[in-house]
Amino acid sequence: MSRVDFYHLQKQTLENVLPKLLEKAYETGKRIKVKVGNEERVEFINTFLWTFNDQSFIPHGSRKDGFGEMQPIWLSAGDDNPNNAVMLFLVDGAKTDLESLNQFERVFNIFDGNSETAVNEARTFWKELKNSGAEIYYWQQEDNGRWKQKA
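Heads up, the sequence shown is in my numbering, so the first residue is 1 and it goes up one at a time.
Rather than coming from a laboratory, the hints here were simulated on the basis of the structure. Treat the hints loosely; a few may be bogus.
[Claimed, not checked] When the alpha-carbon atoms are kept at most 27 Å apart in a straight line, the in silico DSSO-like pairs for lysine-lysine are as follows: (1) 20 with 148; (2) 95 with 148; (3) 64 with 150; (4) 20 with 150; (5) 130 with 150; (6) 95 with 30; (7) 24 with 150; (8) 20 with 95; (9) 95 with 150; (10) 20 with 30; (11) 24 with 95; (12) 148 with 130; (13) 30 with 64; (14) 64 with 24.
[As the list claims (entries may be wrong)] What follows is a list of derived Cβ distance ranges for each label pair: (15) 66 with 40: 17 to 27 Å; (16) 115 with 78: 16 to 26 Å; (17) 56 with 127: 28 to 38 Å; (18) 24 with 135: 12 to 22 Å; (19) 105 with 147: 15 to 25 Å; (20) 28 with 99: 23 to 33 Å; (21) 115 with 151: 20 to 30 Å; (22) 142 with 65: 27 to 37 Å; (23) 143 with 48: 17 to 27 Å; (24) 102 with 28: 15 to 25 Å; (25) 119 with 143: 13 to 23 Å.
Glycine is no exception: its CB is placed at the ideal position from the N, C-alpha and C atoms.
Take these sequences, add in the hints, and give me the full structure.
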């Protein structure tokens, strides 16, 4: 089973956090899939990743861009994995089942700690993973913006 890391957003938004985490993941040289909660947000994040920082570049694409098999980072609201990603980011309430997790080495579940619904969904997912014997970790952001692993 994959390693699953839960990132609890409290002090920053997804738009502040996702590019930094994607940059670190991209530096590993492994292919990445970002599963987004809905298609509208896929295109918002797709556009945002092109413009978030004029000093940085994160190569990525979505169905709108095409060439999925060539994209180092693939954005989608579906379960497709045309770039054979081994890292999966779940954002904006995107979900996946335990069986689908097995195709990934590592999963990052990023959820909004200011949304009761998102927190409850993360807790349910955590319990499901724990019951399956998955390797799971919980990260919370400190005041300085750094992530700290919590027990």
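Exercise for the section: Go through the numbered hints given earlier and state which of them the structure violates, listing their numbers in rising order. Expected result: 3
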